[in-house]
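Sequences are here, hints too, so could you generate the full structure?
So the protein lines, in turn, are chains A and B.
If you're matching positions, the first sequence starts at 1 in my numbering and goes up one per residue.
If you're matching positions, the second sequence starts at 1 in my numbering and goes up one per residue.
Everything labelled a hint here was simulated from the structure, so no lab data went into it.
Please note that the accuracy of each hint is not assured.
[As the list claims (entries may be wrong)] Chain B side only, calculated, beta carbon under 7 Å to chain A, not exhaustive:
#	residue
1	Thr17
2	Thr18
3	Ser115
4	Pro117
5	Val119
Cβ coordinates follow ideal geometry from the N, Cα and C atoms, glycine included.
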Amino acid sequence: MPPQLRESGYGMGSTSYEVVTKITLPYVRRSAVGAVMLGLGRALGETMAVTFIIGNSHDVPTSLFASGSTIASTIANEFNEATSPMHSAALIALGSSSS
Amino acid sequence: MASLRRVRRTITDGAFTTFCWLATGVALFALGLILWSLVTQGIGGLNLDVFTRPTEPSGSPGGLLNAIVGSIITCALAMIMAVIVGVLAGTWLAEYGGESLYAKIIRFLNDILLSAPSVLVGLFVYNILVAHVIGHFSAISGSVALALIAVPIITRTTEDVLKLQPTALRESGWRSAPLTGPRSARFSGVPPAAAS
Numbered sequence: 001m002p003p004q005l006r007e008s009g010y011g012m013g014s015t016s017y018e019v020v021t022k023i024t025l026p027y028v029r030r031s032a033v034g035a036v037m038l039g040l041g042r043a044l045g046e047t048m049a050v051t052f053i054i055g056n057s058h059d060v061p062t063s064l065f066a067s068g069s070t071i072a073s074t075i076a077n078e079f080n081e082a083t084s085p086m087h088s089a090a091l092i093a094l095g096s097s098s099s
Numbered sequence: 001m002a003s004l005r006r007v008r009r010t011i012t013d014g015a016f017t018t019f020c021w022l023a024t025g026v027a028l029f030a031l032g033l034i035l036w037s038l039v040t041q042g043i044g045g046l047n048l049d050v051f052t053r054p055t056e057p058s059g060s061p062g063g064l065l066n067a068i069v070g071s072i073i074t075c076a077l078a079m080i081m082a083v084i085v086g087v088l089a090g091t092w093l094a095e096y097g098g099e100s101l102y103a104k105i106i107r108f109l110n111d112i113l114l115s116a117p118s119v120l121v122g123l124f125v126y127n128i129l130v131a132h133v134i135g136h137f138s139a140i141s142g143s144v145a146l147a148l149i150a151v152p153i154i155t156r157t158t159e160d161v162l163k164l165q166p167t168a169l170r171e172s173g174w175r176s177a178p179l180t181g182p183r184s185a186r187f188s189g190v191p192p193a194a195a196s
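In structure tokens form, the structure reads like this:
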């Protein structure tokens, strides 16, 4: 964003809080939302960090402290062991549904 | 009263600034903690064998040579493919595509690819290369998958950086008549952008 915008805000006597919430954030709102969406996409597709630690149980957990699984971790865990065509096809369908 | 309003604004600003400092502190603290535990716990396991011997079956001594070599080969191949496609596509988007419908579609699809989960890219490459074209697992399939992940990022960054170039710099290439089209991009756009 142009520095003049921010500086004119300070020149009018605004505090940092007012400049950030009333000038900077509205100016970059579109890009900020885009950045959040990119981050969401990365978190949704993250595979190994989750696979290591989530436990990969084949149940719907009833507690946040129970082990579970995510789409990405299920694919990563089972793809090498999928022997029947139906098993790998199901994993591919699972992956397509997450995109 | 004006002074009451001023006190409120000062307090709000102070709270906001403190919160920003705290949030940055939490992120930096996590980063520092990771680096610190990596170094303190990892330094003891580091010796020459790690870099010179392949991984042996569990229990017997060995190293990580195979993984290191595999990473180098796969990443090098992926970068060759991704840099060629990504830099050319990004240059086209910034210098030629402009706001045409085709460029808008390409830009939109590139943004979608940018956030595609890596697991999906893996499934896609598996189905095309591993299952059908090549028929077995290979380094080339791995590097194609890595290239597919890298291309959208390179395209987007190249385009953004080229667009940051001052218009005057680009136009000075157009003004001296022979530098049209690709030569203009080559002389005025890409060299300053390469540093970024």
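Against the structure, the hints:
1. Thr17: Check passed: Cβ of B/Thr17 comes within 6 Å of chain A, closer than 7 Å.
2. Thr18: For B/Thr18, the interface hint is violated, since the closest Cβ of chain A sits about 11 Å away, which is over 7 Å.
3. Ser115: 3 Å, holds
4. Pro117: 2 Å, holds
5. Val119: 5 Å, holds
Hint 2 from the earlier list is the only one contradicted by this structure; the remaining hints agree with it.
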